[in-house]
Amino acid sequence: MAAPPYAQELVERAWAVLGTVADPEIPVISVVDLGIVRSIEADAAGVAVAVTPTYAACPATEVIARDISEALAMAGIAARLTTRLSPPWTTDWITPAGRARLREFGIAPPGAVDRSAGQVVHLVPRGARMQQTPPCPQCGSASTELLSQFASTACKALYRCLDCREPFDYFKPL
Amino acid sequence: MTPHIEYLLRLGDSSLVLGQRLSEWTGHGPVLEEDIALTNIALDLIGQARLLLTHAGRLEGAGRDEDALAYFRDARAFRNVTLAELPNSGIERGRTQSACYAFTVVRNLLFCAWQAETWAALADSADGELAAIAAKSAKETAYHLRHAGDWVVRLGDGTDTSRARAQRALDALLPYCNELFAGDAVDAAVHAAGIGPRAADLEAPWRARVVPVIEEATLAMPAASRFVSTGKSGLHSEHLEYVLAEMQSLARAHPGARW
Ligand SMILES: [Zn+2]
Chain C
1 MAAPPYAQEL VERAWAVLGT VADPEIPVIS VVDLGIVRSI EADAAGVAVA VTPTYAACPA
61 TEVIARDISE ALAMAGIAAR LTTRLSPPWT TDWITPAGRA RLREFGIAPP GAVDRSAGQV
121 VHLVPRGARM QQTPPCPQCG SASTELLSQF ASTACKALYR CLDCREPFDY FKPL
Chain V
1 MTPHIEYLLR LGDSSLVLGQ RLSEWTGHGP VLEEDIALTN IALDLIGQAR LLLTHAGRLE
61 GAGRDEDALA YFRDARAFRN VTLAELPNSG IERGRTQSAC YAFTVVRNLL FCAWQAETWA
121 ALADSADGEL AAIAAKSAKE TAYHLRHAGD WVVRLGDGTD TSRARAQRAL DALLPYCNEL
181 FAGDAVDAAV HAAGIGPRAA DLEAPWRARV VPVIEEATLA MPAASRFVST GKSGLHSEHL
241 EYVLAEMQSL ARAHPGARW
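The listed protein sequences correspond, in order, to chains C and V. Here my numbering is used: the first residue of the first sequence is 1, the next is one more, and so on. Here my numbering is used: the first residue of the second sequence is 1, the next is one more, and so on.
None of these hints come from the bench; they were simulated from the model. Fair warning: there could be bad hints in the mix.
Unchecked claim - Covered stretches of chain V (chain C as the covering partner; in silico rule of three or more C-beta atoms under 8 Å from a C-beta of chain C):
1) 125–133
2) 143–151
3) 193–207
4) 231–243
Said to hold, decoys possible - Calculated from the model, a selection of chain C residues having no Cβ within reach of chain V, i.e. all distances over 10 Å:
5) 9
6) 27
7) 32
8) 39
9) 46
Just so it is clear, the structure is predicted and the values come from calculations on it, not from any experiment. Even glycine gets a Cβ: it sits at the ideal position worked out from N, Cα and C.
Sequences and hints are given; from them, build the entire structure.
Quick look at the structure:
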C-alpha cells in the first residue's frame, strides 16, 4: 500500500514532537538527542516508532515509552511503539546538540566507544592515571581522575576534577 | 521443554540469581561508591534476565511472561549455574555469616568473564533475538568485568588480610567454574542447531581473561578439581532456596499485584 501523500509531513511532525520529549533521568536532553528513537515511519494507522533501550534494565525505559506515546497522542498523531534491540544502542548515537546540553548540565559527554574495550580487562591502575580521562565539564581542566565506574545511574561514572576539585558525572561510552 | 528454551533459562536464570545476590549489597556496601556500583551491576544483570526470560516465555508459547518465570517457578525448575547462587558470605564451614567483599568480586570476575565469552559466541546465533540480547549485554558486561578485575587486583595485591580473603574466595569458587564448561544433551543440541556455543569451547578464552588478572593480583590459581556442580540441570545447592524465598515471597503473597 502506498503511503498517503501527507506521510512525509506526518513523519516530520512526529520527529519534531519527540524532539520535545525529555529523557526522564537527564531532562536536559530529548529522546531524539539521546539517539534512542531509531525510526519513525508512516503506516495506515498513523506512525510506527522504533525505540531502542539504553541499558537493558534502565528503569526509565518504560517511562520513556509512555512519555513518547502521550506526546504523540497530544499532538493528534496515532502511534504504534516497538522496541528494537538490534543493533544495540551506543552513546555514539547521542547527537552533537545532545552532547552540548549534557556538558551545560555538568555531565561530561561520552568519548568515542573503544571497540576493543569488551575484549580485555583493562585495570584502572592505582596511583598512576594511565587511562585518558574526560575533561571537567565545570572548568574544562584535563586533569581529572576516576572515583567510581558506576555513579548515580548505570550509564554514568563518577570523576573528580583535580583543579577545581569538583566531582562530576561522566556519561560512559557504551 | 526444548533444549533451546532450556538454554535460554540457563542464561536468564544465571543473570537473575546473581543479580538478586548482588542486590543484597544495596545499602550494605563497604563504601558508598561500591554500594552504588554493585546495585547498578545487579540492575544490569536483572535487565539481561528480563530480556532472556521474556524470550524464553514467548518461545514456550504457554503464556508465561518474565514475571511468571521469575516468581512462580520453584528451585528445581531454575536452570542457573550453581556459581550464581552461592551466598556472598562464602561457603566454607564455620565461617561467619557476614557478607565478604572478596568473595563477591572474585565471583563476579569468574562469572562475568564467562558471560563475556558467552555473549561474544552468541553474536551469530541462529536465534536472532538471542544474538541481539547478547550484543546488548556484551557492552554492559565489559564494565562489570572491568569493575571486578580492578577489585580483585586491589584485594589480592593488597594487605595480608585482603589477600588471604581473596585467595580463600578463589580457592572456594574455582571448582564451581567447572559447571560453566561441562557439556550435556542440552549443550550438544543447542550447538548442533547453531543457537549457542559448545560450553567446553568457552573455557580456553575464559582462562585467557581470568588468569592474567589473578596473576596481576599476585594470587595463586588453585589446582584443577573434578567437582562439577549441577545447577544448570536444576539440581542446586541448598543456597538457592533462600535466594528464591526472598525474591518470590512478595509476588506470591500478592499475585497479580501492581505498583
Ligand atoms: Zn574542574
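These are the hints, each one checked on the structure:
Restraint check on the region 125–133 of chain V versus chain C: 5 residues with Cβ-Cβ distances below 8 Å, three needed, restraint holds. For the region 143–151 of chain V, the assignment as covered by chain C holds, since 6 residues bring a beta-carbon within under 8 Å of that chain's beta-carbons and 3 suffice. For the region 193–207 of chain V, the proposed coverage by chain C is not satisfied: 0 residues have a C-beta within less than 8 Å of a C-beta in that chain, short of the threshold of three. Here's how the region 231–243 of chain V fares: 0 of its residues keep a CB closer than 8 Å to some CB of chain C, so the rule of at least three is not met and the hint is violated.
The beta carbon of residue 9 of chain C sits about 32 Å from the closest Cβ of chain V, which is more than 10 Å, so the claim that it is off the interface holds. Listed as outside the interface, residue 27 of chain C is consistent with that label: its C-beta sits roughly 20 Å from the nearest C-beta of chain V, beyond the 10 Å cut-off. For residue 32 of chain C, the non-interface assignment is confirmed: its Cβ lies about 21 Å from the closest Cβ of chain V, beyond the 10 Å cut-off. Once the 10 Å rule is applied to beta carbons, residue 39 of chain C is consistent with being away from chain V; the minimum gap is 16 Å.
Every Cβ of chain V is farther than 10 Å from the Cβ of residue 46 of chain C; the closest lies at roughly 26 Å, confirming the non-interface assignment.
Taken one by one, the earlier hints fail for this structure at numbers 3 and 4, listed in ascending order.
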